[in-house]
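In numbering that gives the first Met the number 0, the protein residues as written are 0 to 337.
Do not rely on the hints blindly, as some may be mistaken.
Unchecked claim - Label-pair restraints from in silico Cβ distances:
# : residue 1 : residue 2 : range
1 : D130      : K313      : 40 to 50 Å
2 : K131      : D106      : 19 to 29 Å
3 : A316      : D65       : 45 to 55 Å
4 : Q43       : N69       : 21 to 31 Å
Claimed, not checked - With a cut-off of at most 25 Å between alpha-carbon atoms, the simulated SDA-like pairs for lysine to any residue come out as follows:
#  : residue 1 : residue 2
5  : K313      : R300
6  : K144      : K326
7  : K226      : L159
8  : K283      : I311
9  : K86       : Q163
10 : K1        : N85
11 : K326      : P242
12 : K144      : K120
13 : K307      : L28
14 : K226      : E323
15 : K313      : G57
16 : K275      : K115
17 : K144      : R300
18 : K303      : D280
19 : K120      : S59
20 : K86       : E164
21 : K115      : A36
22 : K1        : K94
23 : K275      : W125
24 : K313      : G89
No lab work stands behind these hints: they were computed from the structure. Yeah, the Cβ is synthetic: ideal placement off N, Cα and C, and Gly gets one too.
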Amino acid sequence: MKLKSNQLQQHLQQHGLSPVFFLTGDEPLQMMECGDAIRQYARQNGFAERVILTVEQGFSWTSLSDEANNLSLFAQRRLIELRLSNKSLGTDGAKALQAYLQHPPTDTVLLITANKQDANKQKSKWFSALDKAGVIIQIWPIDAKRLPDWVSQRLRQQGLQANQEVAHFIAERSEGHLLACSQEIEKLKLLYGEGQLDLQQVIDAIADNARFEIFDWVDTILAGNVKRGVRQLNGLRSEGFEPILITWALDKEIRNLAHIAYALQNGQPAEQVLRKHRVWDSRKSLIKNAVKRHPVTKWYRFLKQTAKIDQIIKGMAAGNVWDELLKLAVQVAGVKQA
């Protein structure tokens, strides 16, 4: 059975737990919240034991059958989490999963999480077996047109009311990254409590962020202040900020600057270009100076680097994400690399 992510809660309330849930997609917030909903419902219904199997190099697929046949000494009901991430099942995995699905153990729920599955994988026998035995939830990013409505709904869930101008502003600031958007809304709730929000409050909240806040760090880098930027990045890391949010914020500005630089290179008036790309008056000087620092080709080269960092975060490329972020940041700031 295939469900949309927003149908999961209702399904659990009406039908309870299925023998297997398969969450697949590349949008981290929805993946996390769907997984949390299943875990919470399982705990509330006596699934006290939780077993985690992570598919990585050297993983043995006999672990799945061993857990299926293992009678718990501590709890009658168990939740087994099989974390695939970006790994492929392969022949052994497909066989092991199909064997499990033919005779799912009683009082056991299998929760599988994986990155987005392509069309070929969705036509496979193991995918069809999952569809018959349990619930498949394919997580899709929310497109730009629907994002303001998502923001409005999220605000209401936090007890906040705001007009469409506020929702659009928050949506533009997050540019499709729901985790960043959700954190921004939670921060607004902490700052102002429940009730009505206006645009100026949201702008002030962003301007008054903590010392090592992500957007402030990006502006520091765009200003070419390397020493302060390095300190801020170390602060973000030590305070536990997710690298995916930092990468998103830097990528967002680089992408904008690449488009601005291209338009200016082709003779478009600066004020018109800045207005088109929604650059606030307070940031115009910062953006103009940053654009002058590098040619158009280099801005597009920086975008390739953010794409590589994103692949490292998702486990699709080798490297240290913090080292790569630092390397890119100092380049954007204007430090030439040997």
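Comparing the hints with the structure gives:
Against the hinted window of 40 to 50 Å, the Cβ-Cβ separation of D130 and K313 comes to about 25 Å, which falls outside the hint. In this structure the hint that K131 and D106 lie 19 to 29 Å apart at CB holds, the actual value being about 20 Å. Roughly 32 Å separates the CB atoms of A316 and D65, a value that falls outside the hinted 45 to 55 Å. The given range of 21 to 31 Å is respected by Q43 and N69, whose C-beta atoms sit roughly 24 Å from each other.
Between K313 and R300 the alpha-carbon distance is near 20 Å, which keeps this suggested pair within the 25 Å criterion. For the proposed pair K144 and K326, the alpha carbon gap of about 34 Å is over 25 Å, so the pair is violated. Under the criterion of a C-alpha separation no larger than 25 Å, the hint pairing K226 with L159 is inconsistent with the structure, at around 38 Å. The straight-line distance between the Cα atoms of K283 and I311 is roughly 32 Å, outside the 25 Å bound, and the hint therefore fails.
The straight-line distance between the Cα atoms of K86 and Q163 is roughly 41 Å, outside the 25 Å bound, and the hint therefore fails. Taking the CA atoms of K1 and N85, the gap is about 21 Å. The hint holds against a cut of 25 Å. Note on K326 and P242: the hinted pairing holds, with a Cα-Cα distance of about 14 Å set against a maximum of 25 Å. Proximity of K144 to K120 is assessed by CA-CA distance (about 29 Å); at most 25 Å being required, the pair is judged violated.
A distance of roughly 21 Å separates the Cα atoms of K307 and L28; the hinted pair therefore holds under the 25 Å criterion. The straight-line distance between the Cα atoms of K226 and E323 is roughly 17 Å, inside the 25 Å bound, and the hint therefore holds. With a C-alpha separation of about 19 Å, the suggested pair K313 and G57 falls inside the 25 Å cut-off, and the hint holds. Straight-line distance between C-alpha atoms of K275 and K115 comes to about 34 Å, which puts the hinted pair past the 25 Å bound.
Of the pairs offered as hints, the one joining K144 and R300 is violated, with about 28 Å between alpha carbons and a cut-off of 25 Å exceeded. Between K303 and D280, the direct Cα distance comes to roughly 29 Å. Violation of the 25 Å bound is thereby established for this hinted pair. A threshold of 25 Å between alpha carbons decides the hint, and for K120 with S59 the separation of about 21 Å falls inside it, so the pair holds. Pair hint K86 plus E164 does not hold up; C-alpha atoms about 41 Å apart against a cutoff of 25 Å.
With a C-alpha separation of about 20 Å, the suggested pair K115 and A36 falls inside the 25 Å cut-off, and the hint holds. Note on K1 and K94: the hinted pairing holds, with a Cα-Cα distance of about 22 Å set against a maximum of 25 Å. For the hint linking K275 to W125, the alpha-carbon distance of about 48 Å lies beyond 25 Å, and the restraint is violated. Of the pairs offered as hints, the one joining K313 and G89 holds, with about 19 Å between alpha carbons and a cut-off of 25 Å not exceeded.
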